Amino acid sequence: MSAITASAPAPVRVSGVAAPARFVRDTALLTVRSLRAIPRVPERLLDVTIQPIVFILLFLYVFGSAIHVPGVSYKDYLFPGIIGQSLAFGIIGAGVATSHDMTEGVIDRFRSMPISRLSIISAQVMGQFCEQVLGLTIVVVFGLILGWDPHLTAPHAIELVALMFLGMLAFTWMGVLLGMLVRSPDAMQGVGFIVIFPLAFLAGTFVPIAGMDAVPRAIAQWDPISALVGTVRGLTEGFHSTGSWQLVHPELAMALWCLVIIAVCVPLALRRFNRTLAG
Amino acid sequence: MSQITAIETQGLTKRFGEFTAVADLDLRVDTGTVVSLLGPNGAGKTTTVRMLATLLRPDAGSARVAGYDVVREAAQVRALIALTGQFAALDKNLTASENLVLMARLRGRGRRDAAIVADRLIERFAIDEFRNRLVKKLSGGERRRVDLAAGLIDTPHVLVLDEPTTGLDPRSRQVVWSTIRSLVDDGVTLLLTTQYLEEADALADRVVLIDRGREVAAGTPAQLKTQVGAQRVDVIAADATEFARVSELLDGRFEVSRSAEQRTVSVAAPDEAEDLAAVAAVVARAGVQVDEIALRRPTLDDAFLALTGHVAHEDPRTESRFDESQPTEVAA
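Same order as they appear, the protein sequences are chains A and B. So the first sequence is numbered by my numbering: it starts at 24 and just counts up by one. So the second sequence is numbered by my numbering: it starts at 84 and just counts up by one.
Simulated from the structure, these hints should not be mistaken for laboratory data. The structure displayed is predicted, hence computed values, not measured ones. The beta-carbon is built from N, C-alpha and C at its ideal position, and this holds for glycine as well. There's no promise every hint is true.
To give an idea of the chain A side of the interface with chain B (calculated C-beta under 8 Å), a few residues [claimed, not checked]: (1) V47; (2) D49; (3) R59; (4) A60; (5) R63; (6) V64; (7) V129; (8) R132; (9) R134; (10) P137.
Calculated from the model, a selection of chain B residues having no Cβ within reach of chain A, i.e. all distances over 10 Å [stated by the list, open to error]: (11) Q93; (12) A162; (13) N176; (14) E212; (15) Q257; (16) V258; (17) A285; (18) G302; (19) K308; (20) I319; (21) L332; (22) T347; (23) E355; (24) D374; (25) L390.
Could you put the whole structure together from the sequences, leaning on the hints where they help?
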């Protein structure tokens, strides 16, 4: 018989590593775990790559000839819209993946282990964030191959990349929160189709907002994704819409939207996760 | 000095809406013993172990693991308990060996140390042959072995196995049993849930029979078996007419129970092979058409019938992963 029959329980292991260091290490281990799935389940990336590519081909070569935007070639008008749409669809991607991951048995194993529960959700966000970055990179490269010419100066390029990272971080948190709330990947697809899909279309993505009917125009003028699309368009083409404060100042509006989303979604996601855990 | 009880629950209760999954359960597992929680699907077994593993919060009553309260001292409990569920708690997109290394690292081992621990577990659980295969490509039995190994990175103070052999073929079940036996030989304190009387008998020191979240009987396997009775001879008739004939033929001569829908007459067989021969002789002389005559061990159903006077309640809502935060899944 081993020490297990001793009269006192094994002392609870308090690791020599301090709590914040453990949190960082556990998050890193769990993030690497989810990234390892990408080459093994490459179809996970299809969501964030195939869909934008289909839209590019459709609008560039099918509908595009019927759309005339004054002062800019349709190709250069379209790609910022596609980037905005890809980021928005990232919410659905992160949500579907999260609602799926949370039903995996391995999450139960992590929950019943002596590791920080915050690290489990941080790793989920980090993993999804990396998938979004990878997906967007593929879309951008595809656009450049097709002849998209972003007229970027170095400071604008830095600003654009920084704002895109902020946007992806905010949208990933939102997707992870929704993924935990909706309970099933199918339901998440449904929410995405009903809410995010229309907002992504209304955002001046494919056609100018100014030409829309009164009701969609009013929505589009305050659609957060409009600020996102406007940001990309402003930085790459120097092209600005008018009609609402956020369309005139898309960069500032987008940064504010992202900060608001993060400020709302992070605490809610953490609360939801802890409640899920405690039952 | 008093030995600290490995698991002790008092009045443990969990409800899901209207449905009471666990009702006022008092459970005690002494350190160094093996206790089996035996019951049908939906009896509250999984809900109970999930509360013990701090995955669900009890609605009433208390539960302590090695003296620590599962709600107020959850962190301590998590360091002492290892749960292996009926759903493999592994990352399907990692290999067997990568899973073990990951779990070891999450338990605070360094890179090299984690590899050593994983290698040791791979050898002990005979995982070597498929160590580099993705978990999603493993068979049920192989997966269960990796799962067991993953729960034993640090020798836990209490090991909880939730239906370790449900859904496995008989050969894999034997392998898992021998693995569990070797753990028991090492002195691990074990709480084991199962639907199989045979499994509880083979592995446990003490069996607690539960039904609809309540304890209905408890004792050593020997005590329960004495109450349940020995083996039985089942005669399965060829059709409904033959069933009526067999039924008439055997009733009176032996102590029987019948199931018309399964065309089965079941005869108590305290003398085992002799009873089998006697029943077969009667059936053969009368020339009744039967599909099968077989000696079998008493099942959970027999135990329930003998100990509670009614058959086990199969709740259609399998409790498998029944918690309010997750979609309900049905055991594969």
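Checked hints:
Checking V47 (chain A) against chain B by beta carbon gives a least distance of about 13 Å; that is not within 8 Å, so the hint is violated. A least Cβ separation of about 6 Å between D49 (chain A) and chain B falls short of the 8 Å threshold, and the interface hint therefore holds. Given the 8 Å rule on beta carbons, the hint for R59 (chain A) holds: about 6 Å separates it from the nearest Cβ of chain B. Satisfaction of the interface hint for A60 (chain A) is found here, the shortest Cβ-Cβ separation to chain B being roughly 4 Å, below the 8 Å cut-off.
Because the smallest distance between the Cβ of R63 (chain A) and any Cβ of chain B comes to about 5 Å, under 8 Å, the interface hint for this residue holds. For V64 (chain A), the interface hint holds, the least distance from its beta-carbon to any beta-carbon of chain B being 6 Å, beneath 8 Å. Against a cut-off of 8 Å between C-beta atoms, the interface hint on V129 (chain A) holds, since the closest Cβ of chain B lies about 5 Å away. Because the closest C-beta pair between R132 (chain A) and chain B is about 4 Å apart, less than 8 Å, the hint holds.
For R134 (chain A), the interface hint holds, since its Cβ comes within 8 Å of a Cβ in chain B; the closest pair sits about 6 Å apart. A cut of 8 Å between beta carbons decides the hint on P137 (chain A): the least distance to chain B is about 4 Å, and the hint holds. Consistency note on Q93 (chain B): stated as away from chain A, and its beta-carbon is indeed over 10 Å from all of that chain's, at 19 Å minimum. Chain A draws A162 (chain B) into its interface by the beta-carbon criterion, the shortest separation being 4 Å against a cut-off of 10 Å.
Some Cβ of chain A comes within 10 Å of the Cβ of N176 (chain B); the nearest lies about 4 Å off, and the non-interface call is violated. At roughly 21 Å from the closest C-beta of chain A, the C-beta of E212 (chain B) stays outside 10 Å, upholding its exclusion from the interface. The claim that Q257 (chain B) lies off the interface holds: its Cβ sits roughly 24 Å from the closest Cβ of chain A, which is beyond the 10 Å cut-off. Residue placement check: V258 (chain B) keeps its beta carbon more than 10 Å from all beta carbons of chain A (closest about 20 Å).
Taking the minimum C-beta to C-beta distance to chain A, about 21 Å, the non-interface status of A285 (chain B) holds against the 10 Å cut. With a least CB separation of 23 Å from chain A, G302 (chain B) remains clear of the 10 Å interface cut-off, as annotated. Non-interface status of K308 (chain B) relative to chain A is upheld: no Cβ of that chain comes within 10 Å, the nearest being about 27 Å off. With a least beta-carbon separation of about 38 Å from chain A, I319 (chain B) lies farther than 10 Å from that chain, consistent with its non-interface assignment.
No beta-carbon of chain A comes within 10 Å of the beta-carbon of L332 (chain B); the shortest separation is about 50 Å. For T347 (chain B), the non-interface assignment is confirmed: its Cβ lies about 37 Å from the closest Cβ of chain A, beyond the 10 Å cut-off. Separation of E355 (chain B) from chain A is adequate, the least Cβ-Cβ distance of about 35 Å exceeding the 10 Å criterion. Interface exclusion of D374 (chain B) from chain A stands, the closest Cβ pair being 39 Å apart, more than 10 Å.
Distance check on L390 (chain B): its Cβ is at least 31 Å (rounded) from any Cβ of chain A, clearing the 10 Å threshold; non-interface status holds.
Hint compliance for this structure: hints 1, 12 and 13 are not met, and every other hint is.
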